[in-house]
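The lines below spell out each chain.
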Amino acid sequence: MEKEVQQEKRQEVWKTEYRRMRRIWALRNNRTELMMLLVLLVGGLIMSLVSPTFLTKGNILNICSQQSTTALMAIGMTLVIITSGIDLSVGTLLGFAGMLAAIELQATGNVAKALVLAYGVALLVGIVNGFLIGYMKLPAFIVTLGTQLICQSMNYVVTDGSSASKFPEAFGFLGKGKLVGDLPFYLVLIILLYLLFILVMTRSRYGRFLYASGSNEEASRISGIGTKKVIMVSYIISALMAATAGLVMISRLMACDPTYGKGAEMDVIAAVVIGGASMLGGKGTLWGTAIGVFIVGVLRNSLNLLGVNTFWQGTAIGVVIIVAVLTEQLSHKRKN
Amino acid sequence: MGRKEQERDPVLQVRNLSKTFYSTRALEGVDFELLPGEVHTLMGENGAGKSTLGKCITGIYQAEEGEIFYQGKRVSFGNPKEALDAGIAIVLQEFNVIPHLSVAENLFLTDRGYYRKGWYMDAAAMVQKTEELLQYFHMREFIDPMEPMAGLSVAEMQIVEIMKAMSREARVIILDEPTATLSGKEVKRLFEMIRELKEKGVAFLIVSHRIQEIYEISDRITVFRDGRLVLPHAATKDLGEMELIKAMVGRQIADLYGKGNGRKREISREVVLDVRGICDRVNFVQDCSFQVHEGEILGVAGLVGAGRTELLRCVFGIDPRSSGRVCFQGREIKKDSIGASIRAGMGYLSEKRKEEGLHQEMSILHNLNMVVHAVAKRPLIEAAGEERRCAELVERLRIKVGEPYNKVSSLSGGNQQKILLGKWLLAHPKLLIIDEPTRGIDVASKSEIYGILRELAGNGISIVMISSEINEILGVTDRTLVVRDGRIVASLLTADTTEEEIGYYATMGTKEGAER
Numbered sequence: 001m002e003k004e005v006q007q008e009k010r011q012e013v014w015k016t017e018y019r020r021m022r023r024i025w026a027l028r029n030n031r032t033e034l035m036m037l038l039v040l041l042v043g044g045l046i047m048s049l050v051s052p053t054f055l056t057k058g059n060i061l062n063i064c065s066q067q068s069t070t071a072l073m074a075i076g077m078t079l080v081i082i083t084s085g086i087d088l089s090v091g092t093l094l095g096f097a098g099m100l101a102a103i104e105l106q107a108t109g110n111v112a113k114a115l116v117l118a119y120g121v122a123l124l125v126g127i128v129n130g131f132l133i134g135y136m137k138l139p140a141f142i143v144t145l146g147t148q149l150i151c152q153s154m155n156y157v158v159t160d161g162s163s164a165s166k167f168p169e170a171f172g173f174l175g176k177g178k179l180v181g182d183l184p185f186y187l188v189l190i191i192l193l194y195l196l197f198i199l200v201m202t203r204s205r206y207g208r209f210l211y212a213s214g215s216n217e218e219a220s221r222i223s224g225i226g227t228k229k230v231i232m233v234s235y236i237i238s239a240l241m242a243a244t245a246g247l248v249m250i251s252r253l254m255a256c257d258p259t260y261g262k263g264a265e266m267d268v269i270a271a272v273v274i275g276g277a278s279m280l281g282g283k284g285t286l287w288g289t290a291i292g293v294f295i296v297g298v299l300r301n302s303l304n305l306l307g308v309n310t311f312w313q314g315t316a317i318g319v320v321i322i323v324a325v326l327t328e329q330l331s332h333k334r335k336n
Numbered sequence: 337m338g339r340k341e342q343e344r345d346p347v348l349q350v351r352n353l354s355k356t357f358y359s360t361r362a363l364e365g366v367d368f369e370l371l372p373g374e375v376h377t378l379m380g381e382n383g384a385g386k387s388t389l390g391k392c393i394t395g396i397y398q399a400e401e402g403e404i405f406y407q408g409k410r411v412s413f414g415n416p417k418e419a420l421d422a423g424i425a426i427v428l429q430e431f432n433v434i435p436h437l438s439v440a441e442n443l444f445l446t447d448r449g450y451y452r453k454g455w456y457m458d459a460a461a462m463v464q465k466t467e468e469l470l471q472y473f474h475m476r477e478f479i480d481p482m483e484p485m486a487g488l489s490v491a492e493m494q495i496v497e498i499m500k501a502m503s504r505e506a507r508v509i510i511l512d513e514p515t516a517t518l519s520g521k522e523v524k525r526l527f528e529m530i531r532e533l534k535e536k537g538v539a540f541l542i543v544s545h546r547i548q549e550i551y552e553i554s555d556r557i558t559v560f561r562d563g564r565l566v567l568p569h570a571a572t573k574d575l576g577e578m579e580l581i582k583a584m585v586g587r588q589i590a591d592l593y594g595k596g597n598g599r600k601r602e603i604s605r606e607v608v609l610d611v612r613g614i615c616d617r618v619n620f621v622q623d624c625s626f627q628v629h630e631g632e633i634l635g636v637a638g639l640v641g642a643g644r645t646e647l648l649r650c651v652f653g654i655d656p657r658s659s660g661r662v663c664f665q666g667r668e669i670k671k672d673s674i675g676a677s678i679r680a681g682m683g684y685l686s687e688k689r690k691e692e693g694l695h696q697e698m699s700i701l702h703n704l705n706m707v708v709h710a711v712a713k714r715p716l717i718e719a720a721g722e723e724r725r726c727a728e729l730v731e732r733l734r735i736k737v738g739e740p741y742n743k744v745s746s747l748s749g750g751n752q753q754k755i756l757l758g759k760w761l762l763a764h765p766k767l768l769i770i771d772e773p774t775r776g777i778d779v780a781s782k783s784e785i786y787g788i789l790r791e792l793a794g795n796g797i798s799i800v801m802i803s804s805e806i807n808e809i810l811g812v813t814d815r816t817l818v819v820r821d822g823r824i825v826a827s828l829l830t831a832d833t834t835e836e837e838i839g840y841y842a843t844m845g846t847k848e849g850a851e852r
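Chain order of the listed sequences is A and B. Going by the numbering used here, the first residue of the first sequence is number 1, and it counts up by one from there. Going by the numbering used here, the first residue of the second sequence is number 337, and it counts up by one from there.
Simulated restraints, written as ranges between beta carbons of each label pair:
hint, chain 1, residue 1, chain 2, residue 2, range
1, B, N432, A, V323, 26 to 36 Å
2, B, R714, A, K178, 31 to 41 Å
3, B, S745, A, R23, 13 to 23 Å
4, B, R661, A, G263, 51 to 61 Å
5, B, N352, A, R23, 33 to 43 Å
6, B, D421, A, G146, 41 to 51 Å
Some chain B residues flagged as far from chain A (calculated, every beta-carbon gap over 12 Å):
hint, residue
7, P346
8, R410
9, E467
10, M482
11, T517
12, S625
13, R661
14, R815
15, T834
Please keep in mind that the hints were generated in silico from the structure rather than gathered at the bench. Positions of the beta carbon are idealized from the N, C-alpha and C atoms, including for glycine.
Assemble the whole structure, with the sequences as input and the hints as a guide.
Below is the structure:
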């Protein structure tokens with residue numbers, strides 16, 4: 001009896017002790033993310049002092065709308081980068097999946113069929129990427145470069161270079177619909193997806209396996225983790241997110257042009273890297289990625305508000321990426 | 337000898353050297369000297385500071401305090417290349433090789449003497465010099481100068497690294513655990529090399545765990561404990577083995593392998609694992625059959641490269657098999673997949689802890705729970721469950737972890753090995769395959785690991801243990817398989833066998849010797 005009491009006491013001790021250590025660990029492990037959050041807050045503060053329009057509802061919604069496709073694709077890209085891969089195909093896949101849906105909408109107005117087409121082609125591209133990279137062990141950069149080119153070219157083949165428009169009104173809800181007041185539907189969708197995937201990455205076995213496969217694939221495999229499948233699924237999720245982004249985009253514009261999405265993958269990769277993910281794999285968080293997406297958005301928006309020539313935007317984002325990676329590296333060096 | 341030593345001036349001298357990592361003192365006011373033409377061994381438990389000393393001398397780490405004198409002059413190297421140029425070479429446990437370049441290129445990559453006008457590579461001269469070096473070390477028949485480094489075995493790479501040190505005419509060569517990956521024959525060859533160079537006045541500083549070898553090769557021994565010298569510059573011939581171990585661990589270890597050395601234990605007749613005629617895809621492992629009984633510790637002996645690891649990787653399903661059957665507890669494991677083996681109740685601890693064992697960048701707690709999650713069915717993870725398992729296991733295996741959320745890489749080799757063992761134990765296996773259970777581990781941890789293995793066997797868990805240390809095989813196992821050239825050549829009752837017998841089967845010629 002006394003022994004039991006003792007054991008219970010000991011269990012209580014380690015429970016509180018472990019909880020405390022978990023918190024410290026989370027802070028220590030996400031140093032880059034926390035720093036980027038600070039950068040975002042300080043940047044936002046400065047902008048709100050400099051420009052009276054910055055903190056208005058209209059401007060914030062404007063930033064959200066500009067970054068919505070990047071935000072969606074960044075979810076999948078984070079997973080892929082954690083496996084130490086990269087997905088260059090998301091940009092043109094966004095365009096291709098969007099275009100397939102657009103053609104269907106223009107021709108028949110059948111929303112369900114349009115969704116099936118968009119997600120169908122995304123699933124196909126995701127499986128091809130995932131299979132070649134996860135199972136055949138081909139380099140992710142090359143494989144997704146290939147599928148990127150294929151998606152772009154197929155887009156032109158299918159449309160013959162022309163654009164599509166005149167969609168049924170109901171389809172516009174995805175990109176323009178409001179839920180309560182001025183709250184756009186797509187924003188709620190993005191927030192829900194982020195919450196869902198944060199849960200997946202921190203609390204699910206798949207999330208744990210993702211980090212494990214990225215930080216040491218062979219050790220993961222020997223521990224009984226199906227690393228090939230884990231990697232393949234990350235590319236499938238990435239492709240599905242690209243299709244979602246495509247649908248949101250054409251719904252907002254109520255038109256689709258074969259050039260949509262070209263080069264969009266670079267913004268996505270930038271946001272994920274600024275958000276603290278390591279290209280070497282095994283490191284990165286989704287909330288960090290969300291911060292990265294915001295930093296890119298706020299930066300573009302601020303330069304616009306300040307009346308800086310748009311040609312400078314790339315330079316600004318480029319500098320931020322390099323600084324983010326540099327600080328990460330320096331903090332790493334100091335530790336060793 | 338003693339008089340002669342005093343007359344020589346030390347080639348390398350270290351005064352009051354201190355180095356701190358985080359808040360731990362890795363070296364604390366170390367005074368040390370190395371004489372020309374001597375072989376000096378550094379000993380101590382893991383984390384005692386032996387390797388750190390070598391790394392501080394060659395500029396891999398910068399010491400906070402203290403001075404280093406080389407050939408009478410004060411030196412301070414910024415990196416190992418500066419040290420090498422001055423004449424101090426270091427060969428680390430993790431080799432510094434470029435896998436896709438040839439042996440010759442690896443040897444002379446940074447040697448300015450082989451670049452015409454300082455930039456144009458003189459490939460012919462490199463190859464010729466490499467030929468000479470290989471001839472000198474009698475390694476020409478095994479290594480081709482033009483062969484890419486990646487094609488070499490670990491032992492061969494080690495020898496190339498030592499050749500690199502010698503090609504630069506180093507006066508001091510520091511070897512960090514040079515024999516950890518070598519087989520008996522290769523160790524002999526290495527020692528011959530060391531003796532030859534010693535005659536020419538080259539001084540060696542060797543970090544090692546293997547007591548027998550130390551007695552064979554070294555002139556003097558220095559023992560570290562917790563960053564301090566507890567036994568400085570002791571002449572090997574005046575030092576007893578027990579005295580040495582006592583100095584290292586700070587207490588007496590009565591019997592490293594625990595009670596029952598050379599014992600004959602009653603082993604259950606119940607067959608847990610039954611392997612019948614398996615071959616691997618590349619036809620290296622050929623037609624191997626063996627059985628493991630419940631609660632038995634089965635040793636797998638043989639030379640490095642004999643196919644022991646390959647055989648058991650094949651059994652566990654890491655490498656695909658081309659034929660043969662594996663039955664576990666009477667049921668055949670049809671699919672040769674790792675997942676199927678784990679679900680049946682097997683576990684596999686690789687000899688390469690860093691590459692194949694633990695996720696160095698992940699936390700202790702996440703590592704411990706890895707296999708549990710891999711075999712689980714539920715999609716979600718409970719933090720409380722993970723923490724409970726971690727707490728239980730840390731207590732059970734007496735692992736010294738500061739914080740369970742620290743990275744595994746922050747632990748010493750011995751504790752990492754316990755984590756690796758622990759992550760499999762949490763999945764409740766019936767059989768564990770352990771490749772080199774005590775590689776690179778200090779004496780005290782070794783003894784603890786043996787204790788744990790024996791306890792597991794007592795609880796009915798079978799253990800298959802690959803080991804290159806013959807004493808370990810003799811001291812721990814119940815039965816021993818000897819593997820040579822991918823075949824099982826003998827199955828011996830450990831209590832009735834001898835070191836010589838195992839050695840005979842392991843090395844016996846491949847042609848006529850096969851008929852026994």
